[in-house]
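**Student:** What follows is each chain in one-letter form.
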Amino acid sequence: MTTNVYTYRKPAGLRDYLPRLPAGVWSLSGFSLLWFGGIVLPLLAIIVVSFLQGRGLNINFDPTFLQYERFFSYGGGEMLARSVRIAGTVTIVELLLAFPFALWLAKGCKNNTVKLLTFTALTVPFFLSPAARVIVWRSVFGINGAVNQVLLGTGIVDEPVLWLIFSEFAVHFGFIGAFFPTMVWPIFLSVSLIDNDFLEASGDLGASRLRTLLHIILPLALPGIVAGFVFTFIPMLGDAVVASHMGGNNVLMLAAQVQSLIGVSNFLVAAALAAVVLAIMLAFQVLLWFALKPVGGLAGVFASLRR
Amino acid sequence: MAKSKKIISKHLYYHLSRRNFIKGAAAGSVIVGAPAILKGLTRRAKAAEKGVVRMLFTAPTMIPGDWTRFEKDTGLKMEDTVIKDDPGIFLTEVQVNDAGDRFDMISTLSGTEQSLIDGGNILQMETSAMPNWSGMPASIQSMPYLVRDLSPSAGKVWGVPLAMNADSFGYLPKKLGEKRPPEEASWSLVFENEKTMGRSSTGDNYIYLWEALAYLKHTGQLAVKDILNPSPAEAKATADFLIKRKEAGQFRLFWKIFDDQVAVMKNGEVDAIRCWEPAVNEANKAGGDWVYATAKEFYLKWMHGIYITSQVEDRGNIDEVYTALNWFLSGGYASAITPLRGYLNGRPDLAVDYNNSNGLEDITTAMDAAQEKMALKFAKEDFWFSAVPENLQEMQAQMDRVLNA
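Each protein sequence line maps, in turn, to chains A and B. Numbering-wise, this note's numbering puts 300 at position 300 of the first sequence, and it's gapless, one number per residue. Numbering-wise, this note's numbering puts 1143 at position 143 of the second sequence, and it's gapless, one number per residue.
Keep in mind that the hints were calculated from the coordinates and are not lab data. A portion of the hints provided could be inaccurate.
Distance condition first, Cα-Cα at most 20 Å in a straight line; then the derived SDA-like pairs of lysine to any residue [said to hold, decoys possible]: (1) K1244(B) / A131(A); (2) K1084(B) / V258(A); (3) K1084(B) / A131(A).
A short list of chain A residues far from chain B (calculated; beta carbon distances all over 10 Å) [said to hold, decoys possible]: (4) G206; (5) R209; (6) T212; (7) V230; (8) N266; (9) A279.
Counterexamples of contact, computed for chain A against chain B with all Cβ distances above 10 Å [to be verified]: (10) Q53; (11) F61; (12) Y74; (13) G75; (14) R85; (15) L116; (16) A201; (17) A227; (18) G263; (19) I280; (20) A283; (21) G300.
Note that the structure is a prediction, hence the values are computed from the model and not measured. Note that the Cβ used here is the ideal one computed from N, Cα and C, for glycine as well.
Could you put together the complete structure from these sequences and hints?
**Tutor:** The structure is reproduced here in structure tokens:
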């Protein structure tokens, strides 16, 4: 007598068709594939396109430097220098303002209600449209705005001050307000992670407050400072709202220039601009690498978070 | 390496029964074909919504307040979307992002028609399907932008007029000591005038460079060969002029959008501004004393056209689309848009009957005034504007040079 033995076999799924490799390898290669397809490939495509010729959506595969020549001959170099200068200046100002504020919020402020209100004030701007965040300054700094009214009313000036709006000053100011939270949050988080025992030990060993700040807090807060720099400087370079609303297009910056090129289907010069920006970003990476070398490089900076 | 190959082949062999293979292939096909399937489902879903037409606009001022009259007159519902009127953005939306999948009609500044026809993005019009077409003045029916000779059977119609106007600029007559319309005012108030130094404004794109070029032509400062297609050298000379004026402190700002125009007029930032006519109405609602100039030198005449997207052919709602198009050529749209914005549609002559039969007689007076003003504007020679002139990119690049200065 023979007996048929039926064994249950789990229905095959997509995973069953894939080679059996450790899960880590799959997730790593999957991520790498996504990163390559979603980020590296488009960037390479932009670089390739920037060396082509054409008009609108019709592209001709003849290599050329024409788009770079065009970009620089229409004042692109000045625009880039201006964008980096403004974004760099504002980032440094943000750091100077945000660090003491974050330090107070993380270690100084003991009142939970005040802390909660401050958190809310820092979060609310993210719920508003970027335009709504800056447009309010027009009525403050405008020709008939509050500041001019006060200046005229108190006799400090005889004529309204015009450079308060639609100027580089206004663009700087608009950026400071808009990007303050992006600098505060990372620094606040890294300062919050500093163990209070370190600070007390420093004081017990006779260190002054300044010495504790420079030798304990600053090095340990470095991950937040680096992150704050990245989250503030880079998005500021790509911001099209502040320069347009506060600068009145008297101060042309990177994002507005890209919009202008796309607006007339000038994709090739836009690609050349993107390639130049990419080169600038790479140069910044190199600078950052050199700047952080004395503290063990980027890995060294973030190692402090593992404490 | 050899070991891992062995593992893979063994693994595949073990599981690749015929049934599993078919199941896998089906699943794979679904994943690979998902975008196309979803696209097809979406199209069918849209076609299933009978009585709704969707239209893409590139100017908020083309929308007649709300669509109540449209709905009452046609029995259709309108779903509108507005994007910016830059030709590159519009063409990208239509040709790269397949706007035709989402919209039955698209509208923008005339001049883009050739690109849309070449791209196969729009359908040729059946003018007999629009009863109001035949009564339109021949000068509008034969507008070179809307009609194209692409075959031995000449005069194919690819678009219908949505609205048109002749643009000049706004100014504060009392403050500047200038006369009010219908007395003429010079474009110098915008471009080079001591009275408006630091208190004038123009736009930030090639259109406004084009106007400066027209100003230079009319004031004898620049010889222009063809105002409809400025050469790169002419564009550069105009940019040089604007840079000089900018450095002299003439311009308060270069506005980007309609809301910017209204805001700076309301806030008292400027005394003269190249703006859209509706901006003057909006600024005056806030108590301003703005007037729209009867321009001494020239007007920039423009038309927004409407086009049927090619995808409508598959959706099967072409009759509804023609009903909607006919409404834009009707007294209903004329009676809504002219008093509101000062624009004319293709058949303003139908407005009187429409107003009389709908109890809107009071609107007729406003319409008469608008038509009279329009006749005055259109009597000037220059110039019908095309959204895509031959040297578009060069012109914008020169305007960018002005902004960069």
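**Student:** If we take the beta carbon of R85(A), is the closest beta carbon in chain B still more than 10 Å away?
**Tutor:** 14 Å, holds
**Student:** Take a quick look at A227(A) and tell me if its Cβ sits farther than 10 Å from every Cβ on chain B, holds or violated.
**Tutor:** The claim stands: A227(A) keeps its Cβ more than 10 Å from every Cβ of chain B (closest is about 32 Å).
**Student:** If I take the minimum Cβ distance from G206(A) to any residue of chain B, is it greater than 10 Å?
**Tutor:** Fine: 56 Å to the nearest Cβ keeps G206(A) off the interface.
**Student:** Would the least Cβ to Cβ distance between G300(A) and chain B come out above 10 Å?
**Tutor:** 37 Å, holds
**Student:** Was G263(A) rightly flagged as not at the interface, with every chain B Cβ beyond 10 Å?
**Tutor:** The claim is violated: G263(A) sits with its nearest Cβ about 3 Å from chain B, within 10 Å.
**Student:** Run the distance test for K1084(B) versus V258(A): straight-line Cα separation, threshold 20 Å.
**Tutor:** 15 Å, holds
**Student:** Could you let me know if the closest chain B CB is still more than 10 Å away from the CB of V230(A)?
**Tutor:** Given that every Cβ of chain B is farther than 10 Å from that of V230(A), nearest at about 27 Å, it holds.
**Student:** In terms of Cβ atoms, is chain B entirely out of 10 Å range of F61(A)?
**Tutor:** 19 Å, holds
**Student:** If I take the minimum Cβ distance from I280(A) to any residue of chain B, is it greater than 10 Å?
**Tutor:** The claim holds: I280(A) sits with its nearest Cβ about 17 Å from chain B, beyond 10 Å.
**Student:** Say whether it holds or is violated: L116(A) keeps its Cβ farther than 10 Å from all Cβ of chain B.
**Tutor:** 35 Å, holds
**Student:** Decide if the proposed pair is consistent with the structure: K1084(B) and A131(A), CA atoms, cutoff 20 Å inclusive.
**Tutor:** 16 Å, holds
**Student:** With d taken as the least Cβ-Cβ distance between R209(A) and chain B, does d exceed 10 Å?
**Tutor:** 47 Å, holds
The earlier numbered hints that this structure contradicts are 1, 8, 12, 13 and 18.
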